[in-house]
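Fit chain B to the supplied structure of chain A, relying on the hints for placement.
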Amino acid sequence: MLVARDHLHAFLRALEDTGVAISPPKKADFLMSLVASPPEHVDALYWRARVTLVATAEDFDAFDAVFDAYFRGGHIAVEEETDAPEEGGETAAPRGDDDGALDALDAREGSGLHASPLDLANVRTFAPTSPEGRDELRALAGELDRALPQIAARRSARARRGPRLDVRRVLAAANRAGGEIVRFHWLRRPPRPRRVLLLIDVSGSQRACSADLLRFAHEAVRATDRAEAFTFGTRLTRVTAELDTPDVDAALASLSACVMDADGGTRIGVALQEFLANGRYVALARGALVIVLSDGLERGDPAAMGDAARRLSRLAHRLVWWSPLACDPAYRPVTRGMRAILGELDALAGARDLPSLLEEVRRLPETSARPRRTASRAWSTT
Amino acid sequence: MIATDVDSVDELGRRFAQQRYFADEGLLTAVHLALVLGRPLVLEGEPGVGKTELAKVLAVVLGRELIRLQCYEGLDAGQALYEWDYPKQLLAVRVAEAEGREVGELYDERFLLERPLLRTVRAAEGAVLLIDEIDRSDSEFEAFLLEFLSDFQITIPEIGTLRAARPPVVVLTSNRTRELHDALKRRCLYHWIPFPDAAREREILRARAPGLDDAAAAALVEAIKRVRSERLLKRPGIAETIDWAQGAQTLAADGVPWPAALRRSLGLLLKEQEDVERVEALDLRL
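Sequences listed follow chains A and B, in order.
First residue of the first sequence: 41, per this note's numbering; consecutive thereafter.
First residue of the second sequence: -17, per this note's numbering; consecutive thereafter.
This is chain B alone, in the form it adopts within the complex:
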């Protein structure tokens, strides 16, 4: 159980909306249970549906520090846990030498460089740990994470075992470019974030692209829905929707009429030439 003052799904939804994050009941329940049960939460979904954003907003809502571990192929334990600050140790040796006194203990916490996981353990007020794009890391790293996620402790041979004073809230995101280990999934809650429905997407647009007129927003959301139903190389997420709306808005402010503004800023929505061609062939009725 992670102590928070947010004690219901509805309250969580209100707090998120204050931060301009509009989540559906499924996602809110997932976050709520992650807090109540103290389990890590795995979020999957198409790129751009707000997986990373959720962790950021959650940190604000809970008033905790956000610590982010960005995964990539070849990420190793040193970059995730801690490293010894050897230059600092070397300086300490030389200073001691110059002053003619004992060097003292070189492997103590003064010389420890915190990396995200160690910082999470040492955060006194508890943290929100975002392990972003876990599917990009090697499967060995995933196995290593298992140990950390089960009891939030880190063993440093020279010092001993450090344990988190307050358990962190852990959010893992994955774009499903590769399958995660069952063992990892078993320890976590799982939620798939779908594309938002039309009403929610309009709500998001209203908050993120203020000043967009309602008819244009409705046309835009309708167009996005059509575009997403196509077999594209890269389907646009919410981030792209917002970019598109803001781009079109900028053009409209320069006096370009709405439909043309939307068509001309299509490059903000689609990032592959094949997709642009395919969508231009559609009759989007913008």
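Okay, chain A solo, but in the shape it has when bound:
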């Protein structure tokens, strides 16, 4: 019996080592199920373990492998150590020398075919916003107010007119007036803006338009108190607090201090997965309008990008992808990365500067009204 106990605990530990998160109540459930309903064969044990321990279909494969190894005499396929396993198949940034200097900083323009091996920690400064730009931003602010999706607040509030009679108050008043209804009181659930999540690609390939995208993000964060903005290139940075200052140029200046990876390489899948790995960030995406501003030119593994988009899409109210490349009428989402995610998107459209962003913001209500994940239909018929 002791041997069995040790074996079970070793099994649970091995599961956790492979990344299947198991909370203590789940473990307790599993062990109790063995006591309450002892399995008669391995399959029965398998189902007891899977039903109690695994909380999502994504973990089934990992679970099966560990289970086979522990109870069916299989072997765990030990993944061969690659050069940089923690990078998820990505080229690692070179470590600096001991004194912290990067070796052989190669600053020439890339061909765009390969991710730069260098995690370019360069600081980008933005030009001041032009007067026309400021006008366009004002137009954007007005439009955002109208176009961002709303949701009925959870609690009803008293209203002058409303769809629902506040019978409780009517009754209370009637009770005071001896059972006579003197006037009606109304309730309605006031509209409340949905959360908006902006994921902005600031990598080298987006160089031409990233300033305007960030100006847009500034406007969005100012327009609603439920907007969040992140930038990504080689790494993910939360920039909501930096953007939330009244002046757009001041906001961009504080950004250039904190966004260290501007104009470096793109690892969209890795960046999005980093976002999704953080429980607090995930909560920001839940039920939100998620707008990814990126050209989708993934230098890494397109499968990672597809997985991340699938998860984001499931979390979000709508998942919208705005790519500067899609402004070109000849654009087709045919790169491996874009093909992997197209089926998960609610809209794929072009946006590279403030006028085109304004155009797309105007289309948001339409996107919110459509059934989910229909971007592929629009792009397959044209």
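Honestly, the hints are just simulated from the structure, not real lab data.
Computed from a predicted model, the values in this text were never measured in an experiment.
Keep in mind that a hint or two might mislead.
Stated by the list, open to error - If you only want the chain B side, here are some residues facing chain A, beta carbon under 10 angstroms, derived:
#1 9
#2 10
#3 14
#4 15
#5 24
#6 117
#7 169
To be verified - Coverage of chain A stretches by chain B, computed from C-beta distances (three or more under 8 angstroms per stretch; other residues unrestricted):
#8 58 to 68
#9 72 to 82
#10 85 to 96
#11 205 to 211
#12 215 to 226
As the list claims (entries may be wrong) - Pairwise CB distance ranges (calculated):
#13 125(B) / 165(A): 39 to 47 angstroms
#14 111(A) / 253(B): 35 to 43 angstroms
#15 239(B) / 375(A): 42 to 50 angstroms
#16 65(B) / 200(A): 19 to 27 angstroms
#17 204(B) / 71(A): 36 to 44 angstroms
#18 246(B) / 247(A): 50 to 58 angstroms
Every residue, glycine too, gets a C-beta built ideally from N, C-alpha and C.
Only chain B this time, still in chain A's reference frame:
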């Protein structure tokens, strides 16, 4: 532990089969453990694999009342728990007024409108509570459910706390249109219902579309398998398979030969024009 007279996985399987529900060992184990451990069971799977049906059948098998809470965006606590029956209270006030006696307590159980969760708590014999399509509700509602699912009690400020006399069997279903909170999953058992294998699907067809000849059933199941392996907008579930078989059967009864009957009733299997085109391009050998 939820007291039942069904004490093993095999017995559960037999009872389900009597109700013409054919579950595999994984699903039966999940239900069995939900009963034994008294935990809510989260069922996920493609639409039409029988998630909702399972709860209905389970209620019949256990001889309990089925209480269904259909989730949708904007569902609030009032619609899930209870509401006060204000018109009734108002009438009571006026009747008391007319008869010239004291109004009495307006906030007592007589004036309570039961919504699914309160009904579950008050069901004397214990109930099967089906929380259907939880992924459609807002995440705030999910957080609210957590409280209910952990101790099956409801607090009504005017009355006090009501607790279920017998814990209900809770089945939650989700189509994975959005991710559920980890906190919710942690409190529940989880099972993914896959599409049935060919043998099981034939068994289901035999029970649900009696009179379908064996060769046609085999061809149909084989065709469904091919169709499901395609990248479709909406993959057909078991419900669609049964519809298709019954539709084709109706046509066949009118004298249409089998292969043509199956082809002509394809609209019962696929609900999107793009999918129909894609499947028609396949050589299904019907």
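Verification of the supplied hints:
1. 9: Cβ of residue 9(B) sits 9 angstroms from chain A, so the hint holds.
2. 10: This interface hint holds because 8 angstroms falls under the 10 angstroms limit.
3. 14: 6 angstroms, holds
4. 15: It holds, given that the least Cβ distance between residue 15(B) and chain A is near 5 angstroms, below 10 angstroms.
5. 24: 8 angstroms, holds
6. 117: Given a least distance of 8 angstroms, the restraint on residue 117(B) holds.
7. 169: 7 angstroms, holds
8. 58 to 68: n = 3 at 8 angstroms, threshold three: holds.
9. 72 to 82: Answer holds; 4 residues pass the 8 angstroms Cβ test.
10. 85 to 96: With 8 residues closer than 8 angstroms to chain B, the region 85 to 96 of chain A meets the three-residue bar; holds.
11. 205 to 211: It holds: at least three residues are needed, and the region 205 to 211 of chain A offers 4 whose Cβ sits within less than 8 angstroms of chain B.
12. 215 to 226: Holds, because 4 residues of the region 215 to 226 of chain A bring their Cβ atoms closer than 8 angstroms to Cβ atoms of chain B.
13. 125(B) / 165(A): 39 to 47 angstroms: With Cβ atoms ~43 angstroms apart, the hint holds.
14. 111(A) / 253(B): 35 to 43 angstroms: For residue 253(B) against residue 111(A), whose Cβ atoms are near 42 angstroms apart, the range 35 to 43 angstroms holds.
15. 239(B) / 375(A): 42 to 50 angstroms: 47 angstroms, holds
16. 65(B) / 200(A): 19 to 27 angstroms: About 23 angstroms separates the Cβ atoms of residue 65(B) and residue 200(A), which means 19 to 27 angstroms holds.
17. 204(B) / 71(A): 36 to 44 angstroms: 43 angstroms, holds
18. 246(B) / 247(A): 50 to 58 angstroms: The hinted range 50 to 58 angstroms holds for residue 246(B) and residue 247(A), with Cβ atoms some 57 angstroms apart.
The structure agrees with every numbered hint stated previously.
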